[in-house]
Amino acid sequence: MSLRDLGHKGQIIVVGDEAWPPYERPPLSKELLLGEIEPERTFLRTVDGFNAAGVELILGQKVDGIDRSDKSVHLQNGKSISYDTLLLATGGRLRKLACEGADHNKVHYLRGLDDALRLRAELKAGVRVAIIGGGLIGLEVAAAASKAGGKVTVLERSPQLVARLLHPEVSDVFADLHRANGINLHFETAVQRIENRDETLVIHTHDGPAIEVDIVVVGIGVEPNTLLAETTGLETDNGIVTDSRGRTSDKSIYAIGDVASRLSSDGQIQRIETWQNAQNQAVEFAKAVLGHPDAQPEPNWFWTDQYGVNFQFVGSTRKGEVVWRGDRFSMNAIGFHLEGDRLIGASCINPGREMRNVKRLVAQGVYIDRQMLADSRTPLGKISVKSEL
Amino acid sequence: MSNWVKVAKQSALPEGEMIAVNIGELRLALYNVGGDFFATDNLCTHGNALLTNGYLDDDVVECPLHAGRFNVKSGQGLGAPITCNIKAYPTRKTGDDIEIEIDAPSSH
Chain A
1 MSLRDLGHKG QIIVVGDEAW PPYERPPLSK ELLLGEIEPE RTFLRTVDGF NAAGVELILG
61 QKVDGIDRSD KSVHLQNGKS ISYDTLLLAT GGRLRKLACE GADHNKVHYL RGLDDALRLR
121 AELKAGVRVA IIGGGLIGLE VAAAASKAGG KVTVLERSPQ LVARLLHPEV SDVFADLHRA
181 NGINLHFETA VQRIENRDET LVIHTHDGPA IEVDIVVVGI GVEPNTLLAE TTGLETDNGI
241 VTDSRGRTSD KSIYAIGDVA SRLSSDGQIQ RIETWQNAQN QAVEFAKAVL GHPDAQPEPN
301 WFWTDQYGVN FQFVGSTRKG EVVWRGDRFS MNAIGFHLEG DRLIGASCIN PGREMRNVKR
361 LVAQGVYIDR QMLADSRTPL GKISVKSEL
Chain B
1001 MSNWVKVAKQ SALPEGEMIA VNIGELRLAL YNVGGDFFAT DNLCTHGNAL LTNGYLDDDV
1061 VECPLHAGRF NVKSGQGLGA PITCNIKAYP TRKTGDDIEI EIDAPSSH
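Protein sequences, first through last, are from chains A and B. Each step along the first sequence adds one to the number in this note's numbering, with nothing skipped, and position 31 is 31. Each step along the second sequence adds one to the number in this note's numbering, with nothing skipped, and position 29 is 1029.
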């Protein structure tokens, strides 16, 4: 759609292996799981909507192979499509639990619409749920299961929740929030095997009691879906390697989103799994292909909504030191992440209108007086850039 | 049958600002864009947030929850994450008042 918005008149064909038209993932573990919306509300556009913009969708088809010398793509149904420019947005592939008993049909994952609908059907009052993985997916599912009246246990193998993304002080807020909603949390727990005892699943961990549940939901992350790129001979390294505009080792092929291991403007190679990244890289791809200049890079931003609390995160939120503005356990606070005296990120709990000021401060990378940040009486809008100390 | 309902005095809403107004159970957002008034539903179509708690820039309102944006004149959603437009209501100035036209509930 960005290509069309920017005036591209050439043919655009999108091939996807799911039967659904392109849809948004964030609602799958939130509103859809909570039963507040149906699949249609997640669609980016309907099939007709895409067709009206001259974008042809080929749904439910896998790409078998790419012929780079011929510049064509082969579908499983035998058809071939020629291209001038090819975009790979193959996303992530679920990491699967490898232990004994993990292939039971009551062990759920959550990546696509089909997964979400299948899981939603199980979330009823009284259902006993074990969630393996204390990341954002696991926690959002915990919130939905709890709201549906389920009894929930979360098993996390590290000492904190959302370990991949967040500073321990921020993870503590999530632990507090979930416990307050009746969720049982187990840390440093690894699942040894899942036993099927007459349709009750029994989770055996290496050092704790066995946990009896009706369903298991696994949220242990995704791997970049690079198989097609690899067999095609494109460079891959924790994702499809691209330059700062998304071009792969073949100049006619681009890669974006969860699958792309991209050189950023500051010389780092990153693969980012956020909605905003996928969105921005898609727009950037359209600009790159049409010869428009790059936009100014924005700091990384992502969000989660759990139990009616909105959390938003900007910039770097895992390392460094946190200065809190407001009481973090009151569910209305901002944690500013500092590296020395430089603001590198923020973790925000129900920030509302403050978010704009927070994003501005993080984008500027200001050197800042901690007391000003922590003092709720100093409006964020009044804190301006200081020169390097 | 449609209804024009007086919701606020023009002097109460300066240029570039927005306020929440309720008509019965309808929660609406009223905007002043360059001296002209516009109205939409206040609850964002994307998440549980009131647009009047967000930001108004010219004729675009941005939701504070996930930065979804709408044109306040037409209710058109302006790209991701918005997938559903918001309902816009006709408005008019009558004397010093601002009126919004809503559909009255039918009697049967």
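Any given hint could be a false lead.
Once the Cα atoms are required to be at most 30 Å apart in a straight line, the calculated DSSO-like pairs of lysine-lysine come out as [said to hold, decoys possible]: (1) A:30 x B:1087; (2) B:1073 x A:287; (3) A:9 x B:1073; (4) B:1009 x A:359; (5) A:359 x B:1087.
Simulated from the structure, these hints should not be mistaken for laboratory data.
Consistency of the hints with the structure:
1. Only pairs whose Cα atoms come within 30 Å are accepted, and residue 30 (chain A) paired with residue 1087 (chain B) is accepted, the gap being roughly 23 Å.
2. Among the hinted pairs, residue 1073 (chain B) with residue 287 (chain A) is consistent with the structure: their alpha-carbon atoms are about 28 Å apart, no more than 30 Å.
3. Between the alpha carbons of residue 9 (chain A) and residue 1073 (chain B) the distance comes to roughly 29 Å, so the proposed pair stays at or under 30 Å and holds.
4. Our distance criterion of 30 Å between C-alpha atoms is broken by residue 1009 (chain B) and residue 359 (chain A), whose separation comes to about 35 Å.
5. A hinted pair counts as satisfied when its Cα atoms are at most 30 Å apart, and residue 359 (chain A) with residue 1087 (chain B) qualifies at roughly 29 Å.
Violated hint: 4 only; the structure is consistent with all others.
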